[in-house]
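Full structure from sequences and hints, please.
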Amino acid sequence: MKVEVLERVLSANDRLAAENRGYFDAHGVTAVNLMGSPGAGKTSLILRTIEAFRGIRPVGVIEGDIASSIDADDVGRTGTPVVQINTGGTCHLDANMVSEAVARLDTCPGMLLFIENVGNLVCPASYILGEHIRAVVLGATEGSDKPYKYPRMFTDIDVVVVGKLDLATAVDFERDEFISGVRALTDADVIEVSCRTGEGIDKWVGWLKRWSERVNA
Amino acid sequence: MHEYGITRDVIAIACDAAGKAGAVRVARINLVIGDLASVVDDCVRFYFEILAEGTMAGAAELAITRIPAELVCPECGERIPLRGRNWDCPVCGCNRCRVDSRARQFYVESVEVES
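Note that the protein sequences, when read in sequence, are chains A and B.
Heads up: the first sequence begins at 1 in our numbering, then just goes up one per residue.
Heads up: the second sequence begins at 1001 in our numbering, then just goes up one per residue.
It is possible that part of the hints are untrue.
Unchecked claim - Here are the simulated distance ranges between beta carbons:
id	chain 1	residue 1	chain 2	residue 2	range
1	A	PHE53	B	VAL1024	55 to 63 Å
2	A	GLY110	B	GLU1049	33 to 41 Å
3	A	GLY79	B	GLU1049	18 to 26 Å
As the list claims (entries may be wrong) - Stretches of chain B that chain A covers, calculated by requiring three or more beta carbons in the stretch to come under 8 Å of a beta carbon on chain A:
id	region
4	1005–1014
5	1033–1044
6	1048–1060
In case anyone wonders, no lab produced these hints; they're calculated from the structure.
Note that the Cβ used here is the ideal one computed from N, Cα and C, for glycine as well.
Rendered as structure tokens:
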């Protein structure tokens, strides 16, 4: 006898992610899952965003890393509530880890919560965490071929932030090639920034403001 | 990617469905894996041998259907495999080809069970 099942294999994670989402919504928190390679500039972007929202909007951070509290220490020095997850070896965050971290975080209504995923351009793409916004950070120094080589990471996202714009020319970052690859995979907005010079940060912050309004509407 | 945990979940889903149908054995699991799901068939099969033993799916056949990662041309409908770094349509030159998002899917389609 054949029995139709049609169940997603990661459904256990999806259910926990839905619970996280329910918690965020009930507490007025907008959550951003920030993915990208190690060294892409995810933490630098968070630090720039904290600066930009100072006095305007509360920001919270969950840091995911294999080991160390380096990123959480950097964020903590800004006075921002932060919780570090050390996965011990797991190469992505899952909904369960985030649920435990959120329980340790001081959230408040209106908070923009960055969940910085483990640096990895493969696995984090498959595990939803309950986030409202899925963002990928790509440092220009990583090269413009990344959408072609890691297509899964560039599907099913809301925004791509190209960072290290100040170095793009020096490393021959082929902007058109990058955008063409991204466009074949997603309608996500592409925002170019440099955390060193501050260029484009206003566009990123504006995008976040617009999207959180949409999320909370 | 994480085939150990994934295979454990596949077996759990299949046994659960079989149990609900009042069956005692799973004869076949029909699994669908998209090429963008980052799951390797051989790894799943390797773990399946080990993990299914002693469960209702211990003697089950694992049938895997792959969904290829392809671009679809909006102009002429040509399907183009995801290769290289030029994703324009090779037939009509259209530069607005889009990936078929079904290649992200990964699910247990059905199970064949015995009572």
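Verification of the hints:
no.: 1; hint: A:PHE53 <-> B:VAL1024: 55 to 63 Å; result: holds (59 Å)
no.: 2; hint: A:GLY110 <-> B:GLU1049: 33 to 41 Å; result: violated (52 Å)
no.: 3; hint: A:GLY79 <-> B:GLU1049: 18 to 26 Å; result: violated (53 Å)
no.: 4; hint: 1005–1014; result: holds (count 5)
no.: 5; hint: 1033–1044; result: holds (count 3)
no.: 6; hint: 1048–1060; result: violated (count 0)
Comparing the model with each numbered hint stated earlier shows that hints 2, 3, 6 do not hold.
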